[in-house]
Structures are given as C-alpha cells and as structure tokens.
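Residue numbers (our numbering), protein chains in the order written: chain D, 1 to 292; chain P, 1001 to 1239; chain Y, 2001 to 2313.
Simulated from the structure, these hints should not be mistaken for laboratory data.
Among chain D residues calculated to face chain Y with C-beta under 8 angstroms, some are:
(1) Q87
(2) L94
(3) N108
(4) S109
(5) S219
(6) L223
(7) Q262
(8) P266
(9) A268
(10) L269
(11) I273
(12) L276
Far from chain P by the CB rule (all over 12 angstroms, computed), these chain D residues:
(13) I80
(14) V114
(15) M118
(16) S134
(17) V253
(18) V259
Keep in mind the model is a prediction, meaning the values are calculated, not measured. Built from N, CA and C at the ideal position, the CB exists for glycine as well.
Here is how the chains run, residue by residue.
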Amino acid sequence: MTMQTLLHQLLSGFAMGAIYASVALALVMIFKATHQVNFAQGELAVCSTYVAASLITAGVPYWIAFALTVVISFVAGVVIERAVMRQFRHASVLTQVIVFVGFLILFNSLTGWVFGTMTRPFPSPFADNAWYGSRYLSPHEIGLIGVTLVVLAIVFVFFRYTRLGLTMRAAAENPASSRLVGIRVGWMLALGWGLASTLGAVAGVMAAPRLFLEPNMMSGVLLYGFAAALLGGIDNPWGAPIGGFIVGVLENVAGAYLVGSQLKLPLALFVIILVLVLRPSGLFGRTVVVRV
Amino acid sequence: MSHLLELRGVDAAYGAIAVLRGVSLEIADGGMVALLGANGAGKTTTLRAICNMGVKTRGEIRFAGRRIDGLATEAIARAGIGHVPEGRGTFTSLSVEENLRLGAYLARASERRIADDLEKMFGYFPVLRARFHQQAGTLSGGEQQMLAIARALMGQPRLLLLDEPSFGLAPIIVQDIFRILRVINREQHTSILLVEQNARLAFELVDRVYLLETGRVVTSGPPSQIAADETVRRAYLGQ
Amino acid sequence: MKLAAPAAIVIAVILPFVVSGYHTFQLAQVLAYAIAILGLNLLTGFSGQISLGNGAFYALGAYSAVIAINNLHLPYGVAPVVAAAVCFVLGYLFGKPAARLEGLYLALATFALAVVTPQLLKLDRLEPWTGGRGGVQIDKPVSPFPSVLDDDRWLYMYCLIVAIVMFALAWNVIRGRTGRALIALRDHPIGAGAMGIDIAEYKAVTFGISAMYTGVAGALGALIAGFISPDSFSILVSIQLLVGGVVGGIASIFGTLFGAVFIEFVPNLANQLSDNAPGVVFGVLLILCMRVMPGGLAGLVASARARRAHRGT
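Use the sequences and the hints to build the structure in full.
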C-alpha cells in the first residue's frame, strides 16, 4: 500500500463520488418535497443517458446533446409528477412504493425496448490525452468532477438566491402555508421532479463512459446514491453531495484495501443499515426517523 | 348592500364529521368582524372553509361578489384573502426576510415595491427589522405572530383572516398586535375577520361579533349589544 | 367462506390431472409464490413492515435447499425444512435492527438488501457451495407412484402439501392472539406498546417468520426449476413478491393466491401483448392498479361486499 496508490484510490473515489453526489441530491430533492423515495431514479437516469447516446450517434455535437438531454429529462420529470405522481399524493406509503416500483419496471423495460439491451460504449468529451490529465486522475475524472461541481453550484445558487428557488423551498417545507401565500404547490413539486430528473441525467451521462451504457448501469449507482443521501441526511440538500463524495472515497478505498472489489456494493448496504440504525438523521439531517 | 365577504348557509365537514351547519355571516368592505365561541365551536373551521383548507363545504362563499367556494386555496389567496393560521404557519427554517418575501409572492411586486412594503412592515413591527436575517424558528412566540401577520400583509390582501393571534402571548404583546391591527384597518383599508378566545380584546377592536356554538351562529351584532346581553355573557363569555 | 378452503383444496388436487404437464409446472410455481407472498403479507400486511427485500430470503431458501441436497446429501423432502430453519434465523437477525425502521426507511433498507443479493451469491469464497456465477443444478424429485403421478404431477402434489401446511399454520397464527397482536402493532403501534407488547421483538419475530415462509417457497422454487443461479435472484424477485402481495390484497390470506397467479401469468401475458417491452405493459398495469384498486383484489371484494350490505339496510 504505497502513498501513491492510496492517493490514486482516494482521488478516483472522489471522482466516482461526484456521480453519487448528483444522484443523492436528486433523491433528497424529491424526498424533501414529497416525502417519497424515488426508487426509479436510477432507471430514469439510464433512460436519459440513452437519449444522449442516441443524439450523439445521430451526429449532434456532445455538449449540445448534453444540453438537449438535460431539457428533455427536465420535461419528463415534470410530466411524470403532474400526470402520475400527483394522483398518489395522499395514498399510503405502500401504494406509493408500488408506484415507484412500477416506474422502475416500466423504464427499465422501455430502455431495453427503445434502445436495445446490448452494452455499448459512451463517449467522454474529455479527451484521453488532454493536458489536464495527471498521474492520479484521468481527464474524464477531472472533467466529471468539474461538471458536477458546476452543476451543484448552479443548483445551490438557484435555491438560495432566486425567487423561484425560494418558492420551491417554501413549498417543500410547508405546503399549507405556501398555499396561503398563493404558491401553486403542485407545480413547485413538479419543478422539483424536473430538477431531480436533470441531476439524474447529468449523473448518468458522466458515469456512462466509465460504467458502459446498458439498461442496468445505474442500479449499483442508485444504491450508493441512497447510502450517500442517508449519510448526508435525507432531508438536507447540503449533506447529499458531501455524503456522495464520502461514499465514493469509502467505496474505492475500502474496496481496494479492506473488503475487495466483490464486496464493494454490499458495503453500500452496510452503510445504509448502519446509518439507519445508529444515526437515522445522517450527518447533517434533521428529520426524526420514527423509532418504535 | 354588497359585502366584501359573504357566507350563506355554509356547511363544513372533515370527512364524515360535520362541523359547521348553515353558517351565514357578512363582512363589510373595511369592516372588522370577530368570530367568538367556545373551543370546538367551529371558529377555525370557518376560516378553513373560507380558504378551502382540508374541509368539504356546501353553501355559498362570496368574496367581492365572486364565488370562491371550491376554488383552490392558492387561488383564494390570490383573490386577495390573507390568512394568518392557527399556529402561525411561519416557514421556520427560512429567515425573516425570506418569510416576508414569500408573502410578497402574491403581489408580484417589483424590488422597489417590496422594499417599500418591507419598510411599512418595519413601521408596524420594528422587531422584524432587527431580526431580518434571523431564522424564523428562533423568534419568540410574539415575534413569530408579528412575522405571520406581516407576511400576510405583504400580499396586500383586501381581507385578513386571523386565527387566535393572542394565543400563548403575553398581554403586553397582544395589546401591541391589536393596536397594529386597528392601524392596518384604518390606513390600508384592510378588512379583518378575527377568531379569538379572548372576547374582551375582540370587543375592543371590531365593529361586529358573531357567536358560534357547535357549528351554528347563535347570535350576532355590534360588541356593545352582545356584551350587554346578560344571558349571552354568562353562557358564552364566562362573565 | 367456510366452504372456500376445502373447495379450493379439492380443485387444487384435481387440476394437474386436467391440464398439461407444462401448466402443472406453472401451477407448482404458483403454489411456491403463494407461500412466499403469504410470508410477505404476514410482514407487510399484518405487521406493517414494507419489505422490498424478501427476494433475498427466497434466494437463501433456494440455495439452502440445493446445498442440503447436493452437498449434505439430504433427501429433497427435508430441503424445505432446512430452508425454513436457516431463513427464520437470518430473517430474525435482520429483523432485529430493521424493527426500528419505519415505512419508507425499511423499504429502502430492504431494497438495498435485494440489490446486493446477487452479488453476495457470486462471491468467490462461497463458490464451492453456491456454484458461483454459473449456478448449480439439482435433480428433479422422482415420483414414488409413477403409475398414478408422473414426476411433474408428483412435484406439484408435494408443493401442494407443503402449501396446505404453511397456509394452515398462518391461518391459525392470524386468528389467534399473535395475529391480533400483529394487527394492533400495525394500526396502533404506540397503543400496542403501552399495552405491554414488546414491539421490537414482535416485529423481529415476524420478520423471521416471513423470511421462513419465503425461504420455504424458495426451496420449492429450486426443486421446480431444477437449476438456480445468482442472476435469477435479482431485485425483480423481491419486486414481484411485493407486487403479488399488493395486487391480491396485502392483508388477505386468500389474496395471496390471486397475487401468485398474477405474477406467474401476467408477465407471460405482457410478453404476448408486447414482444419487446413486457415491462412497460406490466409497469403501466401496476400503476393503474394502484390507482383503481389500491387494496388489491381483496380490497375490491371487501368494498363490493360493504356496498351490498349497505344497500340491504
């Protein structure tokens, strides 16, 4: 275990952590607004990634395809909330879980049907021999971290400093009071879904070059995303990205030195259970998980 | 004569449990009305029925001549009704500033307008200026009540509904709040519908009182008339 | 209602003689699923713990059975018992910490368990027992009465016997004190606690029982299929079980049969409707079902009965 390889594992884990950070933030966003866990987040992200792949294959330049995918994902998220999720706003937890499961199955199958089930490579806009590559991080990993940080920054500025962001925060925190000041809470939730879908799409597009695009690409990532969201505090948007980076580093380092690569994913399960049992509100969260 | 707010034969229920039966009341434009009665009489339910918050209603509710029963809560708010609910309903994790700005959402005001309105609020409730950047949840009860009222006022409502603004507050603060309510009514021509347990305070403020018992209006009239009625005073006001 | 159970048993016994060998094979799988769904109903319907992870115990039961038969050379008749014991213990152990989690969080934890299961089964270290990625085969049970029942029909009868035992057990539990305690737990957890019921312990035991039922089903499933591999126990198994439970009616014993039929035959139906995207059809159907009959078939029947009773008065 040399210093060099440890550093490499740390930084590499940090890069993967950027993906988990995006997914975790998407999960937290929907949870904060609706108190639902989006079990279908991974499948939605894969679908978006396939859309991007198709656009790129059709000749659309990478960053334009990226932008288009973001927009399409946003719209899809809004439509899903308005058309379907809204019907189940007052349903029991079990019913809601089944609905999410339904979407999981639906999108998983849809992706295979429309885009085929064969694994395919996905291009990275960050060339392999770019100047900013280093011994410890490939250009793609650096680019990944950069893109993620930019996206996270935009999201935070949006929520903190814009009127619409404030309105969405209010709608998530206290829908009843929000209605009293005239806020259309339903549409705020739909926007939240749109944003979450966008984050998922970004995570998928950034992860695909490394994980290779196939319908089940995101199932492991989703699990790490859950672990990250819980670790950061399921209702804390600041905690989610931090949780993501921690999980990324943990996965890599533990996988390399402690448990071996075969047990990396079960490690996520372990983290999830540990957090839920020992400190359910995570590192930064405030929700009291009802204990019996 | 048309009133700003009219309820005609309103029944209201939570699910299968009927709470209001045939409630009728009016508020004149610029008027101040109090809704009194014992616990469980249906006072809060009346306010909720007006704003369509979790109650099923039957009967007519008109605001400025237009029927609002059945409209979504946010649409009713946008029509010009501000509601300071039971428990204040402040956004506790947001700052005082953010709470007030949210109140202005309705008015769709420009930055300059918002700044003017904020100044006005500071005039009514100076403590809000001092606590402007503080998290709303850290304010005292009285301060949160002022914040809740100010938030509702930022939307420039024609009618302000208040659900027990005196609840849990020290008398001196309550005096202050009621004084401000009178000022608001006079200066902004904002009509007020007040639900209160504290009958004496309500009497001093409003020009008309409605008395509710088990979901029905049992009597109504100017405060002096209600206060003078011995039976009413003994039965309902514990005097 | 009292006639329903014996009638069902009679029908079940006659069925394999009127349908083809392949359909008998499918019906045996339906019985296995019914037992698994019954286990899930005990957990989710009666004690209110949502589990997206029972597939893990289905896998555990299957592998326990296979190891019992192949490695320990036990007769196949004992395999479900081995599976039951192993799964009860592990289910209880998982249930202990899980008992502290509510609704969504438990769903999350069990979801994680289910996603991780195939990976755990592929571990190199366990290969001598699990057969690794490639999976492992077991011999199909041979009929002791070849003149009357061929192997397929014998296997079905064996599953039927196991199913009857498991259902009878559940019926007794539900009707008795334990059942009432579970329902109290689900509907009024705080009140139940105040009455001295050790909630966490009950929940953990229920988890164990649920795992046990699912494990037995998994053992039967292994015998029916004759071959198991880690990838056949993906999250989809857990999802199917929960779907079967909800569609039948999560707190209904008879609903489990409907649910089992649903998950065995509807995917085939969906396959016929849409060659390439059966999951899309299934997903849409599922969401519609939740909108229209969130209480499952049992819920539909109950509300129809209530309406008829109401009309009568």
